[in-house]
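The lines below spell out each chain.
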Amino acid sequence: MQLIRIAAGVCALAGAMAAGAPLAAQAAGERIRITGEIIDTWCYFSGVMGGPEAVVGSAHHTCALWCSAGGIPVGLLGEDGEVYMVLKIEGDDASAGGDTQLRLASHEITADGMLYRRDGLNYLVVAEVVADAGIVNHSHDDFGVTPGFAIPEPAE
Amino acid sequence: MRAFGALMAFGLGAGAMAAPALAHDGVVHGSAEEAARHAAAPPDGPTGRAGALPFALGGPFALTDQTGARRTQADPAGRMQLLFFGYANCPSICSAALPMMADIVDLMAERGVAAVPVMITVDPARDTVGSMGAPLKAIHPAFVGLTGTPEALAQARTAFGVQSEVVFTDPEHGDVFAHGSHVYLLDAAGTVLTLLPPILSAEHAADIALRYAPGDS
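Chains R and E are the protein sequences, given in the same order.
Residues 15 to 170 in the working numbering are what the first sequence lists, from first letter to last.
Residues 1352 to 1568 in the working numbering are what the second sequence lists, from first letter to last.
Bound-form chain E, shown alone:
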């Protein structure tokens, strides 16, 4: 398990620090210079936001945040939301996705759009009201962690088509979960606007998210 965690941490951490690669964001380039130009340019694809999501995804949920307050799919402060299913001490995809979400939120803020990163736990035994706030705050001060009853968490997972399962138990760190890995962009009311694959650069993902910002149609 330590080797697994180290492999994932190395790969994911190194990825976060890497210069533009010859293949990135869906394009393969012939030179580092070309890759750098593409990385600095707006992403390819249609301009403006895409239409309604062509999938049945999202729905109501009622959970509890790290302060003990009840929270639904709607953001009480009226911000856009980046939603991810994971757990605060996850050694694999969360170590890429959660910091990516933090970076996206900061990049959006720089462009005047308020957004909040939200994680719904798949490990409620360890991610409790009292325990999940600190590790999430270390990633971003605005991070919201949500937990709840097994039934309430199952309702949220079902709404987003997310399944989660313990794949093995590490003798030192406890259960290791397999779980969904896409980040969902929600509006303030909790409607899913689009997907943000966790392999995008934060800059690219922020560019996509900003297309959906209120008043930016």
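Just chain R, same shape as in the assembly:
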């Protein structure tokens, strides 16, 4: 329960959190509209919590909140299979942990924004979330909570 309170506190307070986000885009970007899931990039790329199907969607939602609150940049896993590192979403100047990033964790969204391809990576500055379908990948049906310890045992 203490963990849940902490997570809620982080969610509530993280609006002004860590940016690292280049905010004044100058040039060389490409305007795109893309649909995909907001994911936890650390667990997705590292594989330590399970395979790629297990660390997306509802199965990984709680851990995704933890990671975002802890500073892991969120990504958008596009329908094209590519991951777009999110530098900013709408008015939330954060790559992780901001109110918007936490609210949209594991959600399927359609984003309108600027794409910057650099060093073989995709960086996305989301100007507007034009659609939010919520959590549509019910991966917990297949994988349960991944990892299970993301949800703490109730205090006795």
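The hints are simulated quantities; they were obtained by calculation from the structure and are not laboratory data.
Bear in mind the structure is a predicted one, so any value in this text is a computation, not a measurement.
It is possible that part of the hints are untrue.
Which residues of chain E face chain R? A partial, calculated answer using Cβ under 7 Å [unchecked claim]:
1. H1491
2. P1548
3. I1550
4. A1553
5. I1559
Just so you know, even glycine gets a beta-carbon here, dropped at the ideal spot from N, CA and C.
Position chain E against the provided structure of chain R, taking the given hints into account.
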């Protein structure tokens, strides 16, 4: 808080030790063998360095290192720089980013390119001139920790678009901060060359950084 720290430490520490995953560095693979081949190969994407950073990022700052010496955005030894905003006892993203920076520096050194890891503190109350050297040195002997007045630190954060805030206070460990999580690659003069997301492998990040090494255009 202990559980939070343990979760982050487990996940991040395990990640640092993991074999190539089926999804890594932006690519999903169908088999472990394919993932291993990709992990061993040069990263996808354009060869050579990217152009000028398409963001307004970076700028001058004047801070104090762990020895008490004044230091600006320029490295006095003329090395490339890996810059991160964090704090020496951070239980979350710093526990991944700071060791990653150390590994990148070592990998670059193996290829003959000198670079230095630099951390600007977001917790000047605990990261003082006298206190931050030891924990950073435990991560890498060349680590530079920077602190300063609230105004000077704010100027540095503003230059890099970094915000920092206390998200809660742990009764045992004190304030826990939310803060920026990207590593910035700077040249010796302090100009930002590119970003290095902390979720990359050190090998991949070093490959990117080396593209920007002087004389490697």
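Structure-based check of each hint:
no. : hint  : in the structure
1   : H1491 : violated, 20 Å
2   : P1548 : holds, 6 Å
3   : I1550 : holds, 5 Å
4   : A1553 : violated, 12 Å
5   : I1559 : holds, 5 Å
Hints 1, 4 from the list above are not met by this structure, while the remaining hints are.
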